Amino acid sequence: MSTEVEAPTTGRPATTAPATPARKRKSPYPYWFYLPAAVIFGVFFVVPTFSSFFFSLTRWDLTTYEFLGLDNYVAFFQESALITGLKNTLIYAVVTCGLKVVLGMLLALLLTSQIIARGFLRSVVFFPVLVSTIGVGLTFPVLMDPSAGLINKSLALIGINGPAWLVDPKFALLSVALVDVWKGVGLATVIFIAGIVSIPREYFEASSVDGASAFQRFWRIILPLSRPAITTVIVLALIGGLRTFDLIWAMTRGGPGFTSDVIASVIYKQYQAGFYGLSTAGNVVLFILVTGIVFPLFHFLTRREVDL
Amino acid sequence: MRTKTHLWLGILGIVLFVIVFLVRFAFILFTAAKTQTEAGELQFSLPTSWALLQNFRDALAARDYMLIIAFINSTILTVVSITILVVLSAMVAYVVQRRQSRWNAVVNFLVLCGLIIPPAVVPTVWVLQSLGLFKTLSGLIFIEVAFGLAFCILLFRAFIATIPRDLDEAAIIDGAGPMRLFFKVIFPLLRSVMVTVIIVQSVVIFNDFANPLYFLPGDENATVQLTVFNFQSQFTTQYNLLFADILLITIPPLLLFLFLNKRIVEGLTAGAVKG
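Chains as they are written, first to last, in the working numbering: chain H, 1 to 308; chain V, 309 to 583.
Since the hints were derived computationally from the structure, they do not count as laboratory data. You can trust all of the hints, since none of them are fake.
To give an idea of the chain V side of the interface with chain H (calculated C-beta under 7 Å), a few residues:
id: 1; residue: G318
id: 2; residue: F325
id: 3; residue: F329
id: 4; residue: R332
id: 5; residue: L350
id: 6; residue: A428
id: 7; residue: V430
id: 8; residue: V453
id: 9; residue: P486
id: 10; residue: V511
id: 11; residue: I554
id: 12; residue: I557
Given the structure is predicted, the values throughout are model-derived calculations rather than measurements. The beta carbon of each residue, even a glycine, is placed where N, CA and C say it ideally should be.
If we strip away everything but chain H, and leave its shape as in the complex, we get (with noise of 0.2 Å):
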């Protein structure tokens, strides 16, 4: 199988390359330095995509299958909780990428700032970022605990009464994105922050010359121009949002019930309980929402780009 795959990605240079008469000298940049990294891209990447879509068709065991058609995308779209699935994946990518990008912009501008301490600010920010994500994950429903959590006794403070967090069916899914973006803030905010610095002065300069207020900096300059910054905030943070799996897994394991499962923790529930043309299937669904949504997505914010 693999074979198949790679053969026309590498088997073609070696004749293309004698065939240039002008020239009977060897390329310096020879097409076989493809070889070794096109190999294990095809054999571990590229076969298990294609491959997925046919075994989706099937039940299989990993050494037998037999051919179902599209049943399995039928089970997968009458089950009322991978439905809470599909529907959870998109809210959490949604929530989480749209926080990020606003908190990063709004701590970016902070952090470029005259501020006092900037340079360690930029770095608490940034440390979530590095740090184990399945820590992070075990650590916040201890402090998210309805009663003895640090969150609700600190909000208790200050007279508010905080809602049970990963316990109550209506929040598990929220709390879970809210940690994702305290998370991952870090990265767009750094992002954010390279975008602003690479503004050239002179039209900071022109504009307070011109008598332009903060708000006005910030929405005629600062946001038109780091456009690239946040065309990759957004694309990034959404491909995260959509493949989240280890944040789910280690705080609510897809509960209470089913309220906080995404289409990755399906994916692994029924990997674990044996149903592997079903979980391929729903490996198919998710390759097709995150290419669905983020190719075109990726073209027009890159098409508005050139226009400016």
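Based on these hints, arrange chain V on the given structure of chain H.
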């Protein structure tokens, strides 16, 4: 006047930042230093008696020193995967950047796919099993390499574009073949971007949870991220040991962060500004 408001804003900012971002780490540290009964109360307070070292020892010794084995496994996984990743992705990035051909479109498309498409879990297990690599560390190494290639190629390509071609031509005139040209002339020049790639990827691979969970199940093969569940699955959670474990597995990224924070930020934002 202006500087005074800035000062107060700054102090307010610092206080808020500390509360939002650092309290969690203090909580982990305090709980990891408590006795089991005290930790079980889940309070944010200083431990009445510090038992941090004892808890570290207990966490390491749990389930026949699983955490130590996990640290060895994770280190091998991280070091070997990154070595392969660096060499292979630099080779690809180099040829893509230097040689214009119709393969460029293919490579670019595959890189984009590698960045966006979620890997298919069970078919990957199937491939690994057919190759006899399922539940082996080498299998997981191949997986980490395959999933990391796209990002590394992007970083290397952007950097190689800044190396003047004159250098290549001089080396070619001196009679260097493709191998010599790349490994003796170009590769050493990639040191700075290489450091970035190594740091970013080592954080990613060391913190990876999902791939070891899928492709390397079994206690004897555990990687560090899987050990945290040791203290949770029993009847009562041993919070002091759980947090001691979390603290231990946070130390490697913490060290990287303290010494190389700038590099990491550089790597992650590279290309983001230009789009």
